[in-house]
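Peer 1: So the chains spell out like this:
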Amino acid sequence: MNTANLLGFDEVLERFDPALGLEVHVELHTATKMFCGCPTTFGGEPNSQVCPVCLGLPGAMPAVNVKAVESAIRIGLALNCQIAEWCRFARKNYFYPDMPKNFQTSQYDEPICFDGYMDVDVDGETFRVEIERAHMEEDTGKSSHIGGATGRIHGADYSLVDYNRAGIPLIEIVTRPITGAGDKAPAVARAYVAQLRDLIVALDVSDARMDQGSIRADVNLSLAPKGQDTLGTRTETKNVNSLRSVERAVRFEMQRHGAILADGGSILQETRHWHEDTGITTSGREKSDAEDYRYFPEPDLVPVAPSREWVEELRGTLPENPTVKRARLQAEWGFSDLEMRDTVGAGALLLVEATIAAGASAQSARKWWLGELARRANDTDTSIDALGVTPADVAAVQQLVDAKTINDKLARKVFEGLYAGEGTPAEIVEKRGLAVVSDEGALSTAVDVAIAANPDIADKIRDGKVAAAGALIGAVMKEMRGQADAGRVRELILEKLS
Amino acid sequence: MNDLIKKSAAELAELLAAGEITSVELTQAHLDRIAEVDGDADSGVHAFLHVDADGALAQARASDARRGAGQPAHRLDGVPIAVKDVLATTGLPTTCGSKILQGWVPPYDATVVAKVKAAGLPILGKTNMDEFAMGSSTEHSGYGPTRNPWDLTRIPGGSGGGSAAAVASYEAPLALGTDTGGSIRQPGAVTGTVGVKPTYGGVSRYGLVALANSLDQVGPVTRTVLDSAVLHELIGGHDRRDSTSIDQPVGAYVQAAEQGAAGDLSGLKVGVISELAGDGWQPGVMSRFDESVQLLVEAGAEVVEVSCPNFVHALAAYYLILPAEASSNLAKFDAMRYGLRVTPEGNPSAEDVMRATRDAGFGDEVKRRIIIGTYALSSGYYDAYYGQAQRVRTLIARDFAAAFEQVDVLVSPTAPTTAFKLGEKLDDPMAMYMNDLATIPANLAGVPGISVPSGLADEDGLPAGFQVLAPVLADDRLYRVGAALEARLVKAWGGPLLDRAPGLDTPGSSLAGHSTTEAAPGSSLAGHSTTEEMA
Numbered sequence: 009m010n011t012a013n014l015l016g017f018d019e020v021l022e023r024f025d026p027a028l029g030l031e032v033h034v035e036l037h038t039a040t041k042m043f044c045g046c047p048t049t050f051g052g053e054p055n056s057q058v059c060p061v062c063l064g065l066p067g068a069m070p071a072v073n074v075k076a077v078e079s080a081i082r083i084g085l086a087l088n089c090q091i092a093e094w095c096r097f098a099r100k101n102y103f104y105p106d107m108p109k110n111f112q113t114s115q116y117d118e119p120i121c122f123d124g125y126m127d128v129d130v131d132g133e134t135f136r137v138e139i140e141r142a143h144m145e146e147d148t149g150k151s152s153h154i155g156g157a158t159g160r161i162h163g164a165d166y167s168l169v170d171y172n173r174a175g176i177p178l179i180e181i182v183t184r185p186i187t188g189a190g191d192k193a194p195a196v197a198r199a200y201v202a203q204l205r206d207l208i209v210a211l212d213v214s215d216a217r218m219d220q221g222s223i224r225a226d227v228n229l230s231l232a233p234k235g236q237d238t239l240g241t242r243t244e245t246k247n248v249n250s251l252r253s254v255e256r257a258v259r260f261e262m263q264r265h266g267a268i269l270a271d272g273g274s275i276l277q278e279t280r281h282w283h284e285d286t287g288i289t290t291s292g293r294e295k296s297d298a299e300d301y302r303y304f305p306e307p308d309l310v311p312v313a314p315s316r317e318w319v320e321e322l323r324g325t326l327p328e329n330p331t332v333k334r335a336r337l338q339a340e341w342g343f344s345d346l347e348m349r350d351t352v353g354a355g356a357l358l359l360v361e362a363t364i365a366a367g368a369s370a371q372s373a374r375k376w377w378l379g380e381l382a383r384r385a386n387d388t389d390t391s392i393d394a395l396g397v398t399p400a401d402v403a404a405v406q407q408l409v410d411a412k413t414i415n416d417k418l419a420r421k422v423f424e425g426l427y428a429g430e431g432t433p434a435e436i437v438e439k440r441g442l443a444v445v446s447d448e449g450a451l452s453t454a455v456d457v458a459i460a461a462n463p464d465i466a467d468k469i470r471d472g473k474v475a476a477a478g479a480l481i482g483a484v485m486k487e488m489r490g491q492a493d494a495g496r497v498r499e500l501i502l503e504k505l506s
Numbered sequence: 140m141n142d143l144i145k146k147s148a149a150e151l152a153e154l155l156a157a158g159e160i161t162s163v164e165l166t167q168a169h170l171d172r173i174a175e176v177d178g179d180a181d182s183g184v185h186a187f188l189h190v191d192a193d194g195a196l197a198q199a200r201a202s203d204a205r206r207g208a209g210q211p212a213h214r215l216d217g218v219p220i221a222v223k224d225v226l227a228t229t230g231l232p233t234t235c236g237s238k239i240l241q242g243w244v245p246p247y248d249a250t251v252v253a254k255v256k257a258a259g260l261p262i263l264g265k266t267n268m269d270e271f272a273m274g275s276s277t278e279h280s281g282y283g284p285t286r287n288p289w290d291l292t293r294i295p296g297g298s299g300g301g302s303a304a305a306v307a308s309y310e311a312p313l314a315l316g317t318d319t320g321g322s323i324r325q326p327g328a329v330t331g332t333v334g335v336k337p338t339y340g341g342v343s344r345y346g347l348v349a350l351a352n353s354l355d356q357v358g359p360v361t362r363t364v365l366d367s368a369v370l371h372e373l374i375g376g377h378d379r380r381d382s383t384s385i386d387q388p389v390g391a392y393v394q395a396a397e398q399g400a401a402g403d404l405s406g407l408k409v410g411v412i413s414e415l416a417g418d419g420w421q422p423g424v425m426s427r428f429d430e431s432v433q434l435l436v437e438a439g440a441e442v443v444e445v446s447c448p449n450f451v452h453a454l455a456a457y458y459l460i461l462p463a464e465a466s467s468n469l470a471k472f473d474a475m476r477y478g479l480r481v482t483p484e485g486n487p488s489a490e491d492v493m494r495a496t497r498d499a500g501f502g503d504e505v506k507r508r509i510i511i512g513t514y515a516l517s518s519g520y521y522d523a524y525y526g527q528a529q530r531v532r533t534l535i536a537r538d539f540a541a542a543f544e545q546v547d548v549l550v551s552p553t554a555p556t557t558a559f560k561l562g563e564k565l566d567d568p569m570a571m572y573m574n575d576l577a578t579i580p581a582n583l584a585g586v587p588g589i590s591v592p593s594g595l596a597d598e599d600g601l602p603a604g605f606q607v608l609a610p611v612l613a614d615d616r617l618y619r620v621g622a623a624l625e626a627r628l629v630k631a632w633g634g635p636l637l638d639r640a641p642g643l644d645t646p647g648s649s650l651a652g653h654s655t656t657e658a659a660p661g662s663s664l665a666g667h668s669t670t671e672e673m674a
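Respectively, the protein sequence lines represent chains A and B.
Residues 9 to 506 in our numbering are what the first sequence spells out, letter by letter.
Residues 140 to 674 in our numbering are what the second sequence spells out, letter by letter.
Bound-form chain A, shown alone:
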């Protein structure tokens, strides 16, 4: 499937300047849909959360969900946007079976939020990402294509459409082209989406679950010859649904574009599909005719004209600015710059914060999320917040460690239990029999056995070479199958050999 030639990343950067653009769709978690009273809960029986309005039945009319407008304004304010004094919805016309009306009610040239920015930190460097607009629209239904090799509509035996998702409010946040990121372009893309997601979580306007599609990123990328102040032809890679994939998709497209351009070819302006499994993009539909959506103002809705008083009232509800908040947390937690950067980079800032709030120390929270859990996320290609482990779980594990019920090694087994959904950390310790042996008799015996089996080492310790104790501790721990407190073992060895 991967027939694309790739140019080495470094060579791409020698010859070209990348320009990024990100379009992020945020599904709001309002109780009801954008234009009707149907619930928005995820995972309902197909077509059980529908009505004449969101099914687009003849004669039905939309009515705007004020809560969604409120969320849009709060997102806009948090992104330092201007809020329109007057704006309209518009119809985006195109035919597709998952669109009940064959037009999407969206906004066109009058977005509710515009001209904002977000400062993104990458490796200690700050990039200002300019926000062109954030607008309101409705989601489409969800198609499942049954049969056929690709899971796409072409070649399928038949298709099913679930309209539960149709009409769920979306905010689409569009950046201006991001230039000048150079080799950091993939990292900037990732950091922007990660920071945006953290912001959305802090605003409490969305479930913000990339794995469930409540945040979806489209990545635009183009290359221009190095040093020229122009933009090349872009491709748009749709539905990149994890932070890691955002970074990979940018990198892949940079290398793919690079190979084509270096070869004297030209880039086709098109939509591309991201393949999470193979880490490549493939061609979607061409955008050469710049699909004509025949936008016009939605005549069934009246303009949205948020009063300035309301906007200011909403500004008062904004959470702390993320940049300010990061500086505050770093000081509170005593993290080094590197530790902080890694935490943010791993998308674990809010998780660490919540873990500390649940009672763990800053360093222990960081240790688990950036060690064990980040590794697990990477290995299983899962988003770090979708591992099935909550901040409360991590705090509970650390509590067991602090109480010397388990040690770090056993803690990893507890996490295995958590991944497998075996219950709370305490339950897993119980079920798996992971508690540290605190029976002094058994420990003492094991230490005696180890000393007897390693007379040379015992002699060294008796001679004052305390560092040699490590080998004996290892032997004891092995004997105890890891279920011993290494500190206590060390004490016992030193006592017996003093």
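Hints listed in this document are in silico derivations from the structure and should not be mistaken for laboratory results.
Since the structure is predicted, the reported quantities are computational estimates derived from the model, not experimental observations.
All residues carry an ideal CB built from backbone N, CA and C; glycine is no exception.
Among the clues, some could well be false.
As the list claims (entries may be wrong) - Where chain B lies over chain A, by a calculated footprint (3+ residues, C-beta under 8 Å):
1. 69-83
2. 96-108
3. 305-313
To be verified - Distance windows between CB atoms, simulated:
4. Lys75(A) x Asp386(B): 16 to 24 Å
5. Thr432(A) x Asp386(B): 51 to 59 Å
6. Thr388(A) x Thr482(B): 43 to 51 Å
7. Ala257(B) x Arg336(A): 56 to 64 Å
8. Thr482(B) x Glu430(A): 45 to 53 Å
9. Thr482(B) x Gly272(A): 45 to 53 Å
10. Glu430(A) x Asp386(B): 52 to 60 Å
11. Gln236(A) x Asp386(B): 55 to 63 Å
12. Glu397(B) x Glu93(A): 43 to 51 Å
13. His283(A) x Thr229(B): 43 to 51 Å
Chain A is fixed; fit chain B onto it per the hints.
Peer 2: Quick look at chain B alone, frame taken from chain A:
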């Protein structure tokens, strides 16, 4: 013919209230009349696409029970009504006159239908219309034309020819219509009935299958001005499900009609729109108009001539805005969820099915307007067409605003001509469109209008209509002026105009030779292997 059915709705309401008749009796009398004169696609009036005798009688029995218990739901409780087939009705087919919706039964009621039901009016059935309300003659119905009760070889107006003809032929005392560019008023004019287009936003559009959302409005179709006022008060008012509906109390239309009928219009300033006369206006229509204006003067009104210079651009703007909105509204009819489905042979894609269904299900006029609208909204043309049309719309609204600085109401003939022959303008869309010249400006500006019968044109002995237009939310003026004119005209005529309509007791007798106006059913389905309907 049972004389009961010739009475006005207000009179019938009094008889019901007095216990002199029952709703069952009344409803049955109308059902009998429908059976007697309505015929079918080939003969008779053909005002109805669907008659719901059982449902109407059940509603009538419930109404009689309420009356018996001394708890009528409304003044009109028990008075039957007909509903234009463009309004969603639970349990009753709603086709909009289109084959593409054949057999579709909505799972919900339009707000106006819900109000009518709650008030206890038995619904006789659904009335014929031009497909998706596109037309001025009801000849563009996918189910065959409606015929004018005054002369079955002529058109009943459109798009609401079914509702107007049902009321004119005494098949129903009341009907609901919709008016996008004159679809209530022009049929009223050519059938000698009363029709009102309320202020835009005055009546909920929820459940009205949109033709052009920014122009559509539901309104009353009746034989008297007072009946329209009563029905208007019933269906009007704010609806949170229609964002464009106005959050204001319903006006005192009945009171205004009663005041007007008393005959005194002193202090009222009436403006005759100078642009709506001249070439192309039938002399007999103009004579009846001039006489009516004179009657208003006699009633004490001051009449002046008013110019609305931008009205000459109204038709052009209308035929860009309407198709643009319609092209988008009609996109949903794609066979995926409901209505007709045509599956081409072979291994068709979803798009192939959509294409085949829309090709088979839509008539020529609908296709024509979808094409125009799609073009007008296309990138690169939007500003020149849709954008420019919206600017004209603003200018027309300004003309109205300036005129209403000078006068309380504006008047014109409702339509330039009386009813033309079936088939006469089918091949000439522009000639057909010209029929709405006088009614369209009101829709573009959102102002209310009424058409009241003004008499019969000398040339052909067919009804002409007198239009009154008022400022936004001043619908009460329509009733005051309309009722005053009606009272003086009826007095002059010695009875309602409809008394002069020829009888309809021998259906089909005057229909020979008109089958040629209809396309062979199913002819456009050739080449498609299967058709099926989905409920």
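Peer 1: Just to make sure I understand the rule, a stretch counts as covered if three or more of its residues have a C-beta closer than 8 Å to a C-beta of the chain. Does the region 69-83 of chain A meet that for chain B?
Peer 2: It holds, with 4 qualifying residues against the three required.
Peer 1: Is the distance from the Cβ of Thr482(B) to the Cβ of Glu430(A) consistent with 45 to 53 Å?
Peer 2: Check passed, 51 Å falls within 45 to 53 Å.
Peer 1: Just tell me: holds or violated, for the beta carbon distance of Gln236(A) and Asp386(B) against 55 to 63 Å?
Peer 2: holds, 57 Å
Peer 1: Measuring from beta carbon to beta carbon, are Thr388(A) and Thr482(B) in 43 to 51 Å?
Peer 2: holds, 44 Å
Peer 1: Does the hinted range 56 to 64 Å hold for Ala257(B) and Arg336(A) at CB?
Peer 2: holds, 59 Å
Peer 1: A range of 16 to 24 Å was offered for this pair. Does it hold for the Cβ distance of Lys75(A) and Asp386(B)?
Peer 2: Given about 20 Å between the Cβ atoms, the range holds.
Peer 1: Honestly, do Glu397(B) and Glu93(A) meet the 43 to 51 Å range at C-beta?
Peer 2: With Cβ atoms ~45 Å apart, the hint holds.
Peer 1: Has the region 96-108 of chain A got at least three residues whose CB is nearer than 8 Å to a CB belonging to chain B?
Peer 2: It holds, with 5 qualifying residues against the three required.
Peer 1: For the hint 51 to 59 Å, verify it against the beta carbon of Thr432(A) and that of Asp386(B).
Peer 2: holds, 53 Å
Peer 1: CB of His283(A) to CB of Thr229(B), is that within 43 to 51 Å?
Peer 2: 47 Å Cβ-Cβ, so the 43 to 51 Å window holds.
Peer 1: Assuming the hint says 45 to 53 Å, is it satisfied by the Cβ distance from Thr482(B) to Gly272(A) or not?
Peer 2: With a Cβ separation near 48 Å, Thr482(B) and Gly272(A) satisfy 45 to 53 Å, so the hint holds.
Peer 1: Between Glu430(A) and Asp386(B), does the beta-carbon spacing fit 52 to 60 Å?
Peer 2: holds, 57 Å
Violated hints: none; the structure is consistent with every hint.
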